[in-house]
Amino acid sequence: MKRIFKALLVAVWFMVLCSPIMGLHVNPDNSISFLWERLVALGIGIFFASLVWDWYFSRVQTSAVHMHMPKGVTATLGLFKQKKTRGACLTVLLLFLVAIPFLPVLGSIYQISILISALIYVMLALGLNIVVGLAGQLVLGYAAFYAIGAYTYALLTTYFGFGFWICLPIGGIMTILFGLALGFPVLRLRGDYLAIVTLGFGEIVRLILLNWVGVTGGSHGISNIPKPGLFGMELSLQSNTIYLYYLCLAAVIVTIITISRLKNSRVGLALQALREDEIASEAMGINLTRVKLMAFALSSAWAGFAGVFFAAKTSFVNPASFTFMESAMMLSMVVLGGMGSITGVTLGALILILVPEYLRAFADYRMLLFGATMVLMMIFRPQGLITGERRKYHITALEGREEQA
Amino acid sequence: MDFQYFIELFFGGLTRGSIYALIALGYTLVYGIIGLINFAHGEIYMVGAFTALLVAGLLGYIGFPEGGILIVAALAAIVWTSAYGYTMEKIAYKPLRNAPRLSPLISAIGMSTFLQNYVLLAQTPDFVPFPMLLPEIDGILALFGDVLGPSDFFILVVSFTTMVVLMLWIRYTRMGKAMRATAQNRTMAMLLGIDANHIISVTFIVGSALAALGGVLIASHMGQINFGIGFLAGMKAFTAAVLGGIGSVPGAVVGGLVLGLAESFTTGYVSGNYEDVLSFCLLILILIFRPDGILGKRQVQKV
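For the record, the sequence lines run as chains Y and B. Start counting the first sequence at 4; every next residue gets the next number (this note's numbering). Start counting the second sequence at 139; every next residue gets the next number (this note's numbering).
Keep in mind that a hint or two might mislead.
Said to hold, decoys possible - Estimated spans, in silico, between C-beta atoms of each pair: (1) B:V217 with Y:A52: 41 to 47 Å; (2) Y:W39 with B:K228: 22 to 28 Å; (3) Y:S268 with B:M305: 50 to 56 Å.
Bear in mind the hints are in silico, worked out from the structure with no lab data behind them. Everything numeric in this text was worked out from a predicted model, so none of it was measured. Cβ coordinates follow ideal geometry from the N, Cα and C atoms, glycine included.
Working from the sequences, and respecting the hints, build out all of it.
Written out as structure tokens, the structure is:
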């Protein structure tokens with residue numbers, strides 16, 4: 004009873020809180036419309052949300068409960084993790100992805116181009132995951148590297164007529180250079196300051212793209228960027244989209260393989276050590292400068308590749324595609340999926356791109372839900388949908404001794 | 139003529155800087171107490187401006203006397219925005235008090251995105267004209283000639299009064315002392331019987347109230363607002379806070395004024411296109427070369 008009363012109080016509080024912004028609207032002719040129904044709906048929603056919230060925190064206080072994944076999901080993931088079934092699962096998944104362009108419903112140009120952008124975001128999220136998830140350095144200007152990659156392709160193809168396959172490595176190299184240029188001075192900065200500096204960097208890049216009208220075309224951007232051709236052949240729109248889809252798919256697979264190899268390499272382990280404790284890892288002989296710069300360079304290279312794919316896909320770039328919102332969205336993919344987990348981040352990117360695409364009703368609320376998701380994930384499940392597994396070492400001799408004692 | 143231009147730029151910068159200072163105070167207070175960069179602070183400022191706009195619209199619609207609209211709308215904005223700040227802290231930051239450092243920061247970014255889109259969806263994605271509410275003060279204007287518009291003068295007076303009151307409040311009242319004690323050492327303050335949760339709430343309320351005041355002032359100065367104004371203003375105010383030394387109250391004021399003047403002179407003498415780039419570059423350079431700002435204390439990292 005007490006709880007219901009409290010929830011009622013909270014609902015009333017929110018209704019009062021939101022009354023001007025949700026309940027009032029000034030029309031162009033200076034008359035006012037009152038939107039009571041919105042406030043009532045909000046109050047009811049908040050009432051139930053507050054009950055859940057209260058219930059959760061009371062559970063936490065009495066015993067340490069954690070949110071668990073539904074059983075079906077855990078079972079599927081377990082199947083995925085076992086070595087025997089893993090190969091089979093992956094093969095089926097891969098075959099499905101390869102077959103998509105030939106399937107009747109999913110094979111239309113529209114559907115494929117949605118899938119291409121989902122794949123591009125998977126690349127971006129995985130790239131950001133190197134620096135955020137593995138190294139624990141919060142980067143908020145990731146869209147800047149994405150923009151640099153996209154503009155590199157756009158400028159080189161329109162001004163000099165370079166082909167896609169030349170631009171792809173150049174885009175990567177350009178972003179690595181920028182990544183190092185940003186990474187070098189910010190090495191000393193702590194978490195939150197680093198976040199702000201990278202955010203500032205992202206804005207600077209966007210503002211330069213916006214104001215350097217002579218080269219970048221300002222807010223009009225660059226249009227009519229040539230699409231990649233297959234061995235010099237001009238392709239029709241249909242086959243070009245399919246071609247690009249396969250390119251992106253291949254790029255994502257390469258990304259996943261590279262990053263999972265990286266994760267267990269010397270550098271990857273050093274990055275994870277850095278995430279856990281900077282000072283301790285330095286004391287263990289890890290060269291912080293080198294490792295951090297490597298993380299920056301690798302991560303920005305992936306954004307560059309993704310940018311090249313993006314420019315090739317849309318054949319139009321302008322600064323509006325690379326705002327802070329974009330960076331925030333990439334970050335929320337990493338956070339939602341689970342920092343450091345490759346499966347998780349891939350899943351996070353797919354969910355955040357495909358769900359708003361297919362549930363049109365949610366499309367307007369996309370960014371609102373992203374924001375809410377970020378807050379709620381931090382409170383209820385900070386490790387993300389799929390926990391990035393940590394390497395554990397079992398020292399059998401030691402364990403035996405503990406049991407005896 | 140040249141001197142006149144200089145003076146104009148100087149006062150323009152001062153006006154702008156005093157608004158930055160008002161918002162920067164919110165950042166610096168919160169950072170001082172819980173060590174969190176409150177990313178959503180810029181959005182709080184934007185919510186303040188919108189609340190004032192809507193309340194002013196409502197008052198105008200029901201035929202409230204002209205002169206009172208500004209005061210009532212500003213008060214309403216301050217009250218509601220403080221409530222937003224309070225609620226935000228309870229939802230997004232309080233459960234994360236003992237979480238790793240990055241968690242509240244990510245939560246704050248989420249909150250900022252949420253608030254922006256909340257206003258976008260509940261109101262409009264377009265720019266809305268903000269009613270001209272500031273009074274025309276003819277008598278004083280004559281004194282300054284053309285260099286200082288009426289709204290500039292009003293902004294300067296209001297913001298400087300507020301800052302002085304705030305500083306006195308922090309220095310001499312019980313609450314202000316408790317706040318400083320919590321900022322120095324939260325555990326010790328709690329041992330001495332200070333309710334830290336209460337202090338943190340008060341900090342958010344005060345910070346939000348200042349942001350709301352800044353929002354009302356600048357919105358009536360600029361004449362139009364939209365849901366995105368909080369981002370840039372927030373970034374600039376944060377630059378100001380860092381410039382002065384984050385965590386230091388006089389630092390935020392100094393930082394705000396320096397930033398405002400720097401921007402004004404760059405726009406006036408160099409070019410207006412890159413004024414935002416200037417403040418971001420300034421932010422990066424300060425963070426890299428002197429992260430403790432002008433008035434901040436040097437901090438040594440301890441193991």
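How the hints compare with the structure:
1. The given range of 41 to 47 Å is broken by V217 (chain B) and A52 (chain Y), whose C-beta atoms sit roughly 24 Å from each other.
2. In this structure the hint that W39 (chain Y) and K228 (chain B) lie 22 to 28 Å apart at CB holds, the actual value being about 26 Å.
3. Between S268 (chain Y) and M305 (chain B) the beta carbon distance is about 54 Å. The supplied range of 50 to 56 Å therefore holds.
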